[in-house]
Amino acid sequence: MSKPKIATTSLAGCFGCHMSLLDIDERILQLIELIDFDKSPIDDIKKIEGRCAVGLIEGGCCNEENVHVLQEFREHCDVLVSLGDCATMGGIPAMRNNIPLAECFDEAYLTGITVYNPSGQVPNDPDIPLILDKVYPAHEVVKIDYFLPGCPPSADAIWAAVTALLSGKPIELPYELLKYD
Amino acid sequence: MDMVREVQQELGYVPPEYYELIAKEAGTHRVEVESVISFYAFLSDRKQGKVVLRLCDDIIDRFKGADDVAAAFENELGISMGETTEDGHFTLEWTACIGMSDQAPAALANDTVLTNLTPEKVPGIIAALRKKFDPQDLVSECGDGGNADPLVQAMVQNNILERGEVLLCDCTPEAGLKKTLEKTPQEVIAEIKESGLQGRGGAGFLVGLKWDFTRGAAGENKFILCNADEGEPGTFKDRVLLTERPDLMIEGMTIAAYSTGAETGIIYLRAEYAYLRAFLEEVLNRRRKAGLLGNSISGKEGFNFDIRIQMGAGAYVCGEESSLISSCEGTRGDPADRPPFPAIAGYKVSPTAVNNVESYCCAARIMDKGAVWFENIGTERSCGTKLLSVCGDCERPGVYEVPFGITVAELLKKVGAEDAAAVQIAGPSGQMIDRGQYHRKICFSDLPTGGSIMVFSAQRDLLEVVDAFMEFFIDESCGYCVPCRVGNVLLRQRLERIREGKGVPEDLDYLERLGKSTCRMSRCGLGQTSPNPILSTLKNFRPIYNALVREDRSGLQKSFDVLKAVEDASELTGRRSVIFHAR
Amino acid sequence: MKFTIDGQEIEAKPGQTIMEAADAAGIYIPRLCAHSDLKPIGSCRVCTVIVDGRPQAACVKPVAEGMVVENETPELLEHRRNIIDMMFVEGNHFCMFCERSGNCELQAMAYRFGITAPQYPFQFPPKEVDASHPDVMLDHNRCIMCARCVRASQELDGKNVFQSIGRGFDRKIGVNGEKVLADTDMSVDDRSADVCPVGCIIKKRTAFKTPIGQRLYDHQPIGSDIEEGGHE
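Residue numbers (our numbering), protein chains in the order written: chain A, 1 to 181; chain B, 1 to 583; chain C, 1 to 232.
Treat the hints loosely; a few may be bogus.
[Unchecked claim] Below 20 angstroms or equal to it, Euclidean Cα-Cα: the simulated DMTMM-like pairs (lysine to aspartate or glutamate) are:
#: 1; chain 1: A; residue 1: Lys143; chain 2: B; residue 2: Asp561
#: 2; chain 1: B; residue 1: Lys502; chain 2: A; residue 2: Glu140
#: 3; chain 1: B; residue 1: Lys564; chain 2: B; residue 2: Glu496
Hints were generated in silico from the structure; no laboratory data involved.
All values reported here derive from a predicted model rather than from experimental measurement.
Could you put the whole structure together from the sequences, leaning on the hints where they help?
See the structure below:
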């Protein structure tokens with residue numbers, strides 16, 4: 001029988017949650033015994049290839065591509081987990097959420113004190129995905145089954161969550177593993 | 001507070017530069033002054049126009065065309081709601097129910113009430129105001145009864161459509177007070193208790209018991225407060241009592257003072273009724289001259305009592321008795337924790353009896369006609385008559401004095417609205433009932449109301465009504481406690497999602513749970529009743545909601561609209577979404 | 001006098017609030033605005049208990065002989081959780097970089113209730129940061145309007161640095177000065193600088209002193225001290 005598959009992605013995140021996933025250290029060998037990775041930055045598979053038991057979502061949605069990927073995950077994964085604070089509540093990127101987009105562009109590309117931009121233009125290549133009006137937590141875009149907060153969630157928390165899901169149990173984190181920082 | 005109001009009156013606003021000065025004068029701190037000003041809708045820290053036009057945004061007014069009237073004002077003045085004209089002449093604002101729902105759409109021009117507005121009248125109004133900026137110039141014809149009094153001169157109509165045997169019938173002036181003074185205070189309280197008189201504001205606490213507690217409470221100074229803040233949208237019955245029965249009300253307060261041992265009374269008059277102030281002051285003066293207020297009232301040695309008027313400043317929550325007391329003390333109208341109840345520690349931490357205008361009027365009549373007479377009117381457990389103010393989709397909106405126990409169907413027949421699709425009993429904080437419940441009775445044990453009855457025809461979108469009520473509570477929440485401050489905002493957002501057709505069946509469950517938490521966990525009556533528009537319609541008009549929500553198994557959130565989310569970026573970059581626009 | 005909490009008989013002194021009597025008996029009633037050195041005001045409503053069938057804030061409600069109090073019922077736990085969720089979405093609580101994280105009572109309360117994410121949509125309201133004062137910072141993004149600072153300034157410092165202004169959702173904490181905290185007589189030694197349950201009032205140059213793992217709520221849920229009976 002083939003092993004269940006896990007897909008992971010980093011949307012508007014910093015890959016910190018993926019780093020934390022790697023922090024499970026030698027348990028990654030155990031994990032590989034249990035599952036195969038589908039699309040993930042870990043194996044660099046770009047597109048989901050088959051049905052996945054679990055999808056781990058790092059980051060919220062800050063642009064249309066994030067939305068697209070997240071919807072693809074929802075379609076192909078039985079269980080979706082918001083991994084980390086950014087997926088759960090927008091995180092640091094969401095600090096722009098009460099500032100109009102035009103002001104954000106100005107600050108980031110034109111008037112910010114650390115900006116060096118001799119062209120004086122805001123990047124606008126057709127390949128750049130359109131940015132959303134604000135950063136949306138993952139569960140405001142698709143239905144999310146579990147949340148694993150933390151910045152990042154600790155390796156132990158991720159391990160506890162993934163192993164619970166693989167054995168068909170709900171995620172129940174002990175007190176010391178539920179942290180928002 | 002009075003000082004702040006005076007500055008507001010004088011300058012049209014309270015400049016922040018004055019905070020320090022006012023604080024010093026009042027022996028308090030600058031931030032306390034800011035705190036007061038920022039609490040009341042009728043106080044402002046920004047320069048306002050010579051004439052402040054406040055349009056009533058109550059749902060009844062909206063259904064009668066308030067939005068078109070607003071548009072006409074905006075057009076005529078070249079400003080939007082919430083703005084002041086550049087020449088500093090006019091400010092245009094929305095305000096909550098001003099107690100004129102029977103002559104809607106209505107507005108206040110400073111203190112002057114404008115009724116039955118239409119877009120066509122607007123240019124004339126503005127032209128007339130531009131002459132001298134005196135809104136009183138707009139009153140060409142006064143309303144009936146006391147509205148035509150030289151000190152009132154209002155275009156307001158009483159619209160009394162049914163007179164009962166307690167309040168609006170002809171009665172002998174001061175008969176109740178006369179008989180009161182022949183009795184001991186204990187006997188008076190016993191009489192009121194026996195009559196079964198319950199508070200007319202809506203909560204229905206036994207008036208005699210309240211007075212008894214106040215009498216028994218330890219304290220040098222005791223106070224009698226009259227709640228004339230009727231802010232529950234759709235309520236305008238106290239407006240009529242204040243205009244037509246001020247003496248009866250003050251007589252009742254005087255009786256309360258006699259029975260409790262209070263020497264000071266305060267009438268807390270809502271800012272919207274400022275047009276009645278001079279008139280009421282005159283009534284007080286007249287009574288002082290007649291020996292009915294002041295020292296040794298009616299020659300009774302040692303019975304001293306006088307009354308002052310405290311103006312409100314636009315805050316619905318001040319109808320809550322502890323808020324009303326805070327407001328009388330000159331601070332923000334945040335409600336207080338109970339116990340201690342006002343009867344023990346109210347105004348200035350002294351024993352205080354707070355009753356509604358109508359309650360005092362009833363008390364005066366009971367003292368004249370006797371407890372048994374009163375008890376025999378109404379139902380066994382809801383004695384006397386009730387003043388109802390009926391508005392909305394009916395042929396005869398106005399004030400009706402009816403015995404308790406009248407069914408909704410009987411009432412609808414009187415007002416000419418037998419085909420009503422829904423009736424809102426007791427205002428936004430009450431409940432909306434459907435046709436199947438018109439056999440129910442208006443009384444404390446079935447459908448209690450402070451007086452507000454709103455009628456809606458089958459043409460109305462009832463969820464628009466609910467939305468307007470939630471907006472009202474969001475505007476009027478004092479923000480002191482979390483569930484009311486946040487819960488109502490979240491409730492309305494989810495309601496809007498449902499109304500936009502983006503709801504799922506789980507959203508109804510969400511509304512129910514969130515509504516329940518807001519009711520159960522809020523600190524005062526406002527928060528405890530604020531989810532009622534949603535909760536009562538979920539119960540009584542469930543099919544409306546069911547028709548709007550749809551099961552969704554896609555796993556996507558229907559409420560998230562990616563095309564809307566990229567709109568700003570599309571505009572800034574001049575590109576369309578490659579991923580989603582093609583779909 | 002005696003009364004019961006969830007069926008357990010409690011001894012109380014007259015004049016005590018339900019919360020005081022419960023604390024003394026080792027029963028924790030969750031709270032955020034209440035503080036043992038300050039007069040209770042019942043604004044957060046987290047400590048709501050059912051007293052003889054009616055909801056009451058335990059921090060302000062005095063005990064009475066024979067009173068029947070419900071504390072840990074499923075209904076109350078759900079309502080309390082809902083209120084905690086409300087506080088998270090009405091402000092901008094970025095725990096990941098907040099100096100109070102690990103010592104924050106709101107965060108700790110969410111941990112105690114096992115909340116992984118609030119069930120309500122985040123409002124992301126625009127709020128101000130007032131860093132004008134040389135020693136104290138005021139970050140309104142994190143304020144939960146508990147008014148502890150208001151009370152501490154009045155009751156413990158004999159000042160009046162803070163007061164609530166505005167109403168409804170726009171209610172906020174104002175300062176007793178022309179514009180900002182620097183315009184007031186606030187001092188870093190004031191008790192009002194100590195009592196903030198969240199990261200709204202922060203003393204400058206003290207951030208992140210305690211390493212992760214040694215902070216107040218890293219290992220033990222908030223209220224554990226009371227439940228262990230070590231509190232009076």
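* Asked: Holds or violated: are the alpha carbons of lysine 564 of chain B and glutamate 496 of chain B at most 20 angstroms from each other?
  -> holds, 16 angstroms
* Asked: Regarding the pair lysine 143 of chain A and aspartate 561 of chain B, is the alpha-carbon distance no greater than 20 angstroms?
  -> Roughly 14 angstroms separates the two Cα atoms, so the pair holds.
* To do: Starting from lysine 502 of chain B, check that the Cα of glutamate 140 of chain A is at most 20 angstroms away, please.
  => holds, 13 angstroms
Violated hints for the displayed structure: none, as all numbered hints are satisfied.
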